[in-house]
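Visitor: Spelled out, the chains give:
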Amino acid sequence: MVRILEKIKKEEIERWYDDHSDAILKFVLMLVKDYQQAEDLTHETFVKAYLHYESFHQQSSEKTWLFRIAHNLTIDYFRRHRSINLLRDFLSSKRDESRLPQEMIELKETSAELYYSLEKLKEAYRKVILLRKIQGFSVTDTANILDWSESKVKSTQFRAIPALKKQLVKDGYVYEKTI
Amino acid sequence: MCMKRPFKSDKDNDSLKQLNDAIVWNQDQKQKQKERLLKTINHLDISQERRYKKNLFFTKRNMILRNIAYSAVAVIILSGVFISSAFVSPAMAQVVAKIPYLGQLFYKEPLGDEIADTVRQKGYNIRGVSVSYQGSKNSITVSVVGSASYYNGVKEDIEKIISDIIQKRNYDTYTFKVIREVPDVEEKEELSAEEKKVQDIAEDLSNTLFSSNYSILELGTSMNRDKEGKVHPTVHLQIPNTERRIEEIKGVINKILAQNDAKGMPIEIQKVDMKKSEQSMRWGDIADDVGEDLLGKEKYHVKMVGYSVHPEPQVLINTSLGHSSSDKTFAKELEKVINEFLTTKKMKKKIKGDSYQIIIYGKGEKKLN
Numbered sequence: 001m002v003r004i005l006e007k008i009k010k011e012e013i014e015r016w017y018d019d020h021s022d023a024i025l026k027f028v029l030m031l032v033k034d035y036q037q038a039e040d041l042t043h044e045t046f047v048k049a050y051l052h053y054e055s056f057h058q059q060s061s062e063k064t065w066l067f068r069i070a071h072n073l074t075i076d077y078f079r080r081h082r083s084i085n086l087l088r089d090f091l092s093s094k095r096d097e098s099r100l101p102q103e104m105i106e107l108k109e110t111s112a113e114l115y116y117s118l119e120k121l122k123e124a125y126r127k128v129i130l131l132r133k134i135q136g137f138s139v140t141d142t143a144n145i146l147d148w149s150e151s152k153v154k155s156t157q158f159r160a161i162p163a164l165k166k167q168l169v170k171d172g173y174v175y176e177k178t179i
Numbered sequence: 001m002c003m004k005r006p007f008k009s010d011k012d013n014d015s016l017k018q019l020n021d022a023i024v025w026n027q028d029q030k031q032k033q034k035e036r037l038l039k040t041i042n043h044l045d046i047s048q049e050r051r052y053k054k055n056l057f058f059t060k061r062n063m064i065l066r067n068i069a070y071s072a073v074a075v076i077i078l079s080g081v082f083i084s085s086a087f088v089s090p091a092m093a094q095v096v097a098k099i100p101y102l103g104q105l106f107y108k109e110p111l112g113d114e115i116a117d118t119v120r121q122k123g124y125n126i127r128g129v130s131v132s133y134q135g136s137k138n139s140i141t142v143s144v145v146g147s148a149s150y151y152n153g154v155k156e157d158i159e160k161i162i163s164d165i166i167q168k169r170n171y172d173t174y175t176f177k178v179i180r181e182v183p184d185v186e187e188k189e190e191l192s193a194e195e196k197k198v199q200d201i202a203e204d205l206s207n208t209l210f211s212s213n214y215s216i217l218e219l220g221t222s223m224n225r226d227k228e229g230k231v232h233p234t235v236h237l238q239i240p241n242t243e244r245r246i247e248e249i250k251g252v253i254n255k256i257l258a259q260n261d262a263k264g265m266p267i268e269i270q271k272v273d274m275k276k277s278e279q280s281m282r283w284g285d286i287a288d289d290v291g292e293d294l295l296g297k298e299k300y301h302v303k304m305v306g307y308s309v310h311p312e313p314q315v316l317i318n319t320s321l322g323h324s325s326s327d328k329t330f331a332k333e334l335e336k337v338i339n340e341f342l343t344t345k346k347m348k349k350k351i352k353g354d355s356y357q358i359i360i361y362g363k364g365e366k367k368l369n
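So the protein sequences, as listed, match chains A and B.
Start counting the first sequence at 1; every next residue gets the next number (my numbering).
Start counting the second sequence at 1; every next residue gets the next number (my numbering).
In case anyone wonders, no lab produced these hints; they're calculated from the structure.
Even glycine gets a Cβ: it sits at the ideal position worked out from N, Cα and C.
One or more of the hints may lead you astray.
[Claimed, not checked] Distance ranges between label pairs, derived from CB positions:
1. B:Asp164 with A:Lys170: 36 to 42 Å
2. A:Glu113 with B:Asp172: 53 to 59 Å
3. B:Ser320 with A:Gln59: 55 to 61 Å
[Unchecked claim] Residues from chain B that face chain A, not an exhaustive set, calculated with beta carbons under 10 Å:
4. Gln18
5. Thr173
6. Glu203
7. Ser206
8. Asn207
Kindly produce the complete structure, drawing on both the sequences and the hints.
Guide: Next comes the structure, spelled out in structure tokens:
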């Protein structure tokens with residue numbers, strides 16, 4: 001009996017991996033800014049999902065649940081990198097852009113500037129833009145993933161978008177004209 | 001209140017949506033990672049599964065306290081914090097090794113990290129590792145997450161791991177204990193009408209001010225109660241000291257306060273010297289690095305490592321040394337080694353050309369160098 005359940009569980013995780021690993025990897029990548037770490041954290045996300053499969057009660061979609069796990073893992077990761085990141089957020093823009101390993105992940109030229117500007121935003125802004133605008137999660141799901149209140153999601157988003165715009169202008173990316 | 005939305009056009013949204021597609025993950029790599037996942041899953045047996053806490057999602061976040069500046073009691077809570085950094089070139093390490101009693105200053109990653117990483121790698125479920133320095137009593141606490149029987153089952157194993165790591169490093173200043181984390185009871189906050197109002201004001205203020213071109217670091221409201229239980233709501237604002245338009249900003253705030261029927265609420269403004277803040281953060285890290293090995297071994301006689309950036313950076317080393325000439329010689333030697341450490345490439349990068357002093361104190365806060 002146990003064996004059969006295990007089998008179902010594995011198949012489900014496999015399916016989840018096929019469906020969502022891309023999005024998770026990109027989300028984590030844009031948070032941690034390091035491809036290798038993003039790959040590891042994505043791996044860990046699905047391992048955790050497997051281990052805690054029983055605690056997934058479908059109050060949210062599996063995608064929201066997976067993102068929540070991934071987000072928690074990145075928080076742990078940041079904790080380990082506490083000093084570096086505090087400083088980085090503090091200075092927010094003064095940072096070398098971390099380039100991506102081309103053979104693993106490719107960033108199309110058309111979106112490169114947006115990507116790098118986004119990277120420079122402070123963490124909370126980046127999170128909310130990634131989830132709401134790029135992944136298209138609802139306010140409720142975003143709040144669930146980040147463990148924030150819905151009003152915090154809304155107000156952070158409200159500040160994040162102008163901040164992104166400012167960054168784009170600052171980086172010499174004339175937003176209106178390029179699109 | 002009317003919220004203006006400078007970025008609302010569909011175009012903007014589209015370009016953000018496209019970003020996800022513009023990042024293309026190599027499909028072979030994805031497949032490789034899938035195989036890795038399946039392999040990992042197959043290796044996880046049921047016994048291991050029990051080691052993980054069921055309700056993963058009700059974890060309360062650990063507070064990470066920085067050992068800011070120099071104080072009599074400094075507590076650092078590490079939860080796998082810091083990434084290892086091998087600071088020293090082999091050549092440098094050799095030079096250091098020649099100084100007889102200060103052989104291994106440049107050793108390895110922070111102790112708390114190594115413990116947390118090792119324990120976790122072995123599959124034990126822990127919340128974190130806290131390392132505390134209190135005068136001459138350095139202690140390590142590892143908190144285990146899980147049932148009482150899980151805790152009882154793993155306590156000894158974890159103790160063994162800690163003890164091995166401490167021994168391997170030849171540290172002799174630490175005691176340690178493994179405790180069970182008592183689960184937090186989740187509290188649902190119900191805001192009073194008064195609190196709600198103050199919270200709404202905070203939201204209104206940030207919506208307006210963060211989208212303005214004023215430089216604002218932090219913004220919020222608080223409501224402290226005095227002894228009689230009377231509430232004193234206050235607006236708190238943190239700005240860089242380069243921001244000159246203070247009256248203007250106050251005007252904007254007052255307008256919003258008036259709209260919210262909160263005219264006259266006091267505004268507290270804190271000006272932050274950005275250069276100093278950045279510098280202080282860097283030197284906090286530097287002091288952490290300097291202290292790693294010095295605090296671990298009795299023979300260094302170091303009790304505390306602190307720093308100050310006012311007016312200029314100083315690394316403060318508090319020792320239990322006396323004031324004899326041999327103590328002073330030791331202090332000089334210590335200073336020399338720390339100096340050498342601070343001129344390594346890795347540390348130079350953190351120091352960014354700041355000039356600094358190393359001050360070594362003996363008993364009774366007396367300067368030794």
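Visitor: With reference to the structure, classify each hint as holding or not holding.
Guide: Hints versus structure:
no.: 1; hint: B:Asp164 with A:Lys170: 36 to 42 Å; result: violated (51 Å)
no.: 2; hint: A:Glu113 with B:Asp172: 53 to 59 Å; result: holds (55 Å)
no.: 3; hint: B:Ser320 with A:Gln59: 55 to 61 Å; result: holds (57 Å)
no.: 4; hint: Gln18; result: holds (6 Å)
no.: 5; hint: Thr173; result: violated (23 Å)
no.: 6; hint: Glu203; result: holds (5 Å)
no.: 7; hint: Ser206; result: holds (6 Å)
no.: 8; hint: Asn207; result: holds (6 Å)
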